[in-house]
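Fit chain B to the known structure of chain A by using the hints.
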Amino acid sequence: MLTGALTVRRFRVEGQVPEGFRDSWRDQLNDLAFREPPTSGGGKEEIEGWVQVHNLLDTNFDDFNRWLYMPYALFALRVDKKTLPAKLFNAHLAKKCEAWAEDNGTERCPASVRTRIKEDLEDEWLRRTLPRAAVTEACWHIDEGWLVLHSHSDGVADRFRKRFYRTFALKLLPWSPLDWLDDTEVSESLLGSAPTLDIMDAR
Amino acid sequence: MSDATPVVPHQAGEFYAWLWWTSESQGSGIDLGGDVGYIDFWVDERLAFRSPAETRVSAIMTGDNSSTSLESRAALAGGKVLQELRIGIKRDEHEFKVTLKGPAIEMKQAKLPSLIGDSEDAAIYDRMFLYEELSFVISALLRRFSDLRTSAEWEQQTVPAIRAWVLGEA
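The listed protein sequences derive, respectively, from chains A and B.
Going from the first sequence to my numbering is simple: count from 1 and add 1478.
Going from the second sequence to my numbering is simple: count from 1 and add 330.
Here chain A stands alone, though its shape is the one from the complex:
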């Protein structure tokens, strides 16, 4: 949002901005800010939370000067996910199972043992793996009730809208070109219209 080309999806913010919103929103952003998992843990599950737009490591919203630029509020949703290289992991898993079978004088490794080996190996590898961090920035015009999200992905938008509602108790509604018009008569006329530029029909 701060540099480069903008690829944005626009939403209408539905609902009343409460009195004293600055303090309550600061608290809510802090409550649902991104939290790093404990260094010893962190599995394959996704971890999400709010961060500042300036740096994805800045997760504290106490300083209004870092996110509230009246009439705009700027913040970003960070989603971390750890993924293992599947082919390499499966190759190592096969070797470990072969070793177990050899140690135990059997031809094959039973399914229950394979599952335990797989879980242990996953835990070990996930502890050593850095997550892939996706950050989606947003800018909210508080006075005019619209928000732009720096993504066109439906999945990102759904995730963002859910967390936004959890945080602010306000609903994000997809923007329609009719929202630009401010003219009910024209909007209703367009809604009732049929396509007219079927060029081939004119041939």
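I should point out that these hints are in silico values taken from the structure, not numbers from a laboratory.
It cannot be assumed that every hint is accurate.
Across the chosen pairs, the derived CB separations fall in these ranges [stated by the list, open to error]:
1. V387(B) <-> A1483(A): 15 to 21 Å
2. A1483(A) <-> G409(B): 27 to 33 Å
3. P382(B) <-> P1496(A): 44 to 50 Å
4. H424(B) <-> H1630(A): 22 to 28 Å
5. K1522(A) <-> G498(B): 44 to 50 Å
Heads up, incomplete: computed chain B residues facing chain A, CB under 7 Å, no partners named [what the hints assert, rightly or not]:
6. H340
7. E344
8. S476
Quick reminder that beta carbons are idealized off the backbone N, C-alpha and C, glycines included.
Frame of chain A; chain B shown alone:
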């Protein structure tokens, strides 16, 4: 809470075609009146088409002069619908480029004028001011189109003129 405003499925495709036809047949300048005033606009280096019954892009025209090429108009003449249109806009000293995408007319790869603010705060305000200016101009273009689209002039004069242009008869 109310629901989202519906999207008219054919509005964007017709809007893009009207923008293209207007820039090619009537010159690049247009006076949008009111607070927007006079702007220059032109179709830039990308047009993407889809089949009417589908949502995925099936043909893309890019490069210099893609908007004036016969192939681009042939796509419309072949019954395809514009799904994306990259346009340039100049208003006073500010020049923008943006791709308008899909039925919701979303902005993609919008290039804003260079920033003048030298602090981080000033840069944020500049960026948002420029985004709002671009939105302001696009919404004014959409209003101009929508007023025309819902008038008798659309079917009586504009549609025949666009058809003639697409078929190379104008």
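Cross-check of the supplied hints:
1. One distance hint, 15 to 21 Å for the beta-carbon pair V387(B) and A1483(A), holds here, with the actual separation near 19 Å.
2. Between A1483(A) and G409(B) the CB atoms are about 32 Å apart, so this pair conforms to the stated range of 27 to 33 Å.
3. A hinted range of 44 to 50 Å holds for the C-beta pair P382(B) and P1496(A), which are about 46 Å apart.
4. A hinted range of 22 to 28 Å for the beta carbons of H424(B) and H1630(A) is consistent with their spacing of about 24 Å.
5. For the pair K1522(A) and G498(B), the beta carbons lie near 58 Å from each other, so the given range of 44 to 50 Å is not met.
6. Below 7 Å, beta-carbon pairs count as interface contacts, and H340(B) has one with chain A at about 4 Å; its hint therefore holds.
7. For the restraint placing E344(B) at the interface with chain A, the shortest Cβ-Cβ distance is roughly 5 Å, inside the 7 Å limit, so the hint holds.
8. About 5 Å separates the beta-carbon of S476(B) from the nearest beta-carbon of chain A, less than 7 Å, and the hint is met.
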